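Student: Sequences are here, hints too, so could you generate the full structure?
If you're matching positions, the first sequence starts at 188 in my numbering and goes up one per residue.
These aren't lab readings, by the way, just hints derived from the structure by calculation.
If you're wondering where the values come from, they're calculated on a predicted model, not measured in any experiment.
Even glycine gets a Cβ: it sits at the ideal position worked out from N, Cα and C.
Keep in mind that the hints are not guaranteed to be accurate.
Below, computed lysine to any residue pairings styled on SDA-like, alpha-carbon distance capped at 25 Å [said to hold, decoys possible]: (1) K530 - P205; (2) K524 - K604; (3) K247 - K626; (4) K247 - R571; (5) K614 - K199; (6) K524 - L650; (7) K443 - Q468; (8) K193 - T271; (9) K314 - T580; (10) K197 - H525; (11) K199 - T580; (12) K314 - A398; (13) K531 - E272; (14) K530 - T271; (15) K206 - K443; (16) K451 - G244; (17) K604 - T580; (18) K449 - E210; (19) K626 - P243; (20) K206 - P455; (21) K199 - K626.
Here are the simulated distance ranges between beta carbons [said to hold, decoys possible]: (22) T273 - T580: 45 to 51 Å; (23) K410 - P365: 45 to 51 Å; (24) K197 - S503: 51 to 57 Å; (25) E406 - D300: 25 to 31 Å; (26) G611 - E370: 36 to 42 Å; (27) E506 - K531: 31 to 37 Å.
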Amino acid sequence: MGLKEKLIRKGKYIWELPKETIEGQRVPVILYLSDALFELLEEDALRQAANAATLPGVEKAIYVMPDVHVGYGFPVGGVMATNTETGIISPGSIGYDINCGVRLIATNLKAVDVAPRIKEIMNNMLKNVPAGVGSTSEIKLSKSQMKEVLVKGAGWAVEHGFGFPEDLQHIEGFGALPNADPEKASHEAYERGSDELGTVGSGNHFVEVQAVEQIYEPEIAEKLGIWEGQVMVMVHSGSRGFGHQVCTDYLRVALKVRDKYKIKLPDPQLACMPFNSPEGQAYFKAMNAAANYAFANRQILGFKAANTVRKTLGISWEEFGYRLIYDHAHNIGKVEKHEVDGKKVEVIVHRKGATRAFPPYNPEVPPAYREVGQPVIIPGDMGRASFLLVGQTNSMKMSFGTACHGAGRVMSRRQAKKYVKEVGLEKVIGNLVVVARGKGTIMEEIPQAYKDVTEVVRVIDELGIAKAVARLKPLGTLKG
DNA sequence: ATGTAC
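Tutor: Following this line, the structure appears as structure tokens:
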């Protein structure tokens with residue numbers, strides 16, 4: 188009998204795997220799924236969440252978002268909070284792509300004016316924005332410049348002419364997380380990171396020109412300065428080879444110290460270290476450095492993408508109306524205080540394929556958004572909708588202040604390619620303008636390979652974790 | 001996600 192049969196329905200969209208279902212399981216696993224998404228839940232993803240619930244110092248529950256799928260050790264769409272005094276930190280539960288995240292830039296432009304020129308815009312995007320596996324940047328960083336990037340994050344990019352000082356007010360952690368120590372990253376990480384700053388990467392990463400297709404909450408939309416027919420620029424990328432190397436290095440460290448700290452691992456991919464140990468702290472500081480690299484990366488990418496649109500149209504920045512709505516991580520570990528059994532507890536919240544979604548009046552929400560809540564950007568798969576939400580109060584009670592992150596795969600890359608070859612690419616992606624170095628990524632990233640992001644967002648919205656404000660549709664996409 | 005297997 189699989190674990191899926193042992194799930195107990197607690198509500199329309201709430202399922203629970205009670206604690207002690209598997210040996211050593213300290214806390215329940217709570218899943219947020221509609222009937223349709225429940226059908227797509229993989230046994231292995233549930234098993235990974237249950238495994239994590241056995242780790243030392245895990246608090247309250249492991250939460251699983253509606254876009255869940257199997258990941259390395261811990262599912263994508265998983266949330267785990269561990270006590271900072273008694274708990275562990277787990278690199279696999281944050282993910283290989285540290286601070287993979289999303290950025291949304293608003294403009295004053297109308298989609299009706301931009302759409303006729305989208306091919307020209309996207310062809311310039313392909314020339315100006317490096318994308319694809321192993322692509323490199325024209326920015327070459329010395330070791331000392333790298334160290335600055337790892338501490339200053341997006342601020343470093345602004346200092347070097349990529350974007351505007353106001354941007355920093357609208358980034359999670361102001362684009363530079365504290366506790367970043369460049370000395371805790373390896374030589375290999377530096378090597379890989381030195382020529383990848385300002386590059387998109389591959390897989391589901393993209394730079395997209397979008398239009399606001401529908402507003403669900405007019406009052407909130409007005410406060411955020413968004414309107415139907417408005418052109419937006421969205422960036423989805425992370426810390427590239429640098430973050431990947433940090434994860435690789437510290438997974439190795441974690442396996443090495445597993446006996447020293449007597450940690451019982453149900454799966455070696457969950458290798459972890461006590462948060463309050465030299466090894467745990469070293470990973471935490473290297474992870475924050477990688478997060479800052481990613482913030483700098485998206486700062487550069489967003490500015491370059493916006494500038495490409497602006498220059499193609501031959502307009503000034505004033506006419507363009509560049510304004511950063513928000514930028515946040517969806518693969519990260521954050522030290523936060525949360526209520527557990529009526530008491531405030533300091534935890535490290537592992538969010539893997541999961542987005543912070545703080546409610547209105549939380550001090551971490553920028554002043555401009557204080558009354559509406561933290562913007563939550565949910566990128567769709569290529570060709571389908573993306574969404575803008577705002578965090579709501581239930582997130583603090585239901586998921587350590589966390590919402591979903593996107594669609595989540597249902598078709599493997601191989602399956603997707605086969606499907607495209609059978610059906611034909613034109614039929615699969617319709618009128619969308621997609622540019623990429625090779626056709627491989629486009630075939631792997633077709634919308635049909637993903638769960639329906641609309642359904643995922645509906646669950647989060649109806650649970651009161653985050654409120655859907657607007658739907659965005661792609662006009663043109665740059666893939667890796 | 002990723003110098004797509006060290």
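Student: Confirm or reject the claim that E406 and D300 have a C-beta distance inside 25 to 31 Å.
Tutor: Given range 25 to 31 Å: holds, Cβ gap about 27 Å.
Student: Compare the distance between the alpha carbons of K626 and P243 with 25 Å, and conclude whether the hinted pair is satisfied.
Tutor: violated, 45 Å
Student: Within 25 Å, alpha carbon to alpha carbon, are K314 and T580?
Tutor: violated, 43 Å
Student: Decide if the proposed pair is consistent with the structure: K193 and T271, CA atoms, cutoff 25 Å inclusive.
Tutor: violated, 31 Å
Student: Decide if the proposed pair is consistent with the structure: K206 and K443, CA atoms, cutoff 25 Å inclusive.
Tutor: violated, 29 Å
Student: Would you check the hint for K524 and L650, treating anything up to 25 Å between C-alpha atoms as holding?
Tutor: The given pair, whose Cα atoms are some 22 Å apart, holds under the 25 Å limit.
Student: Is the Cα-Cα distance between K451 and G244 25 Å or less?
Tutor: holds, 13 Å
Student: For the pair supplied as a hint, K604 and T580, is the alpha-carbon distance within the 25 Å limit?
Tutor: violated, 41 Å
Student: Verify the proposed pairing of K524 with K604, using a straight-line Cα cut of 25 Å.
Tutor: violated, 44 Å
Student: Regarding the pair K614 and K199, is the alpha-carbon distance no greater than 25 Å?
Tutor: violated, 36 Å
Student: Go ahead and decide if the range 36 to 42 Å is satisfied by the Cβ distance of G611 to E370.
Tutor: Violated - the Cβ-Cβ distance for G611 and E370, about 52 Å, lies outside 36 to 42 Å.
Student: Between K410 and P365, does the beta-carbon spacing fit 45 to 51 Å?
Tutor: violated, 29 Å
Violated hints, listed in ascending order, are 2, 3, 4, 5, 8, 9, 15, 17, 19, 21, 22, 23, 26 and 27; each of the other numbered hints is respected by the structure.
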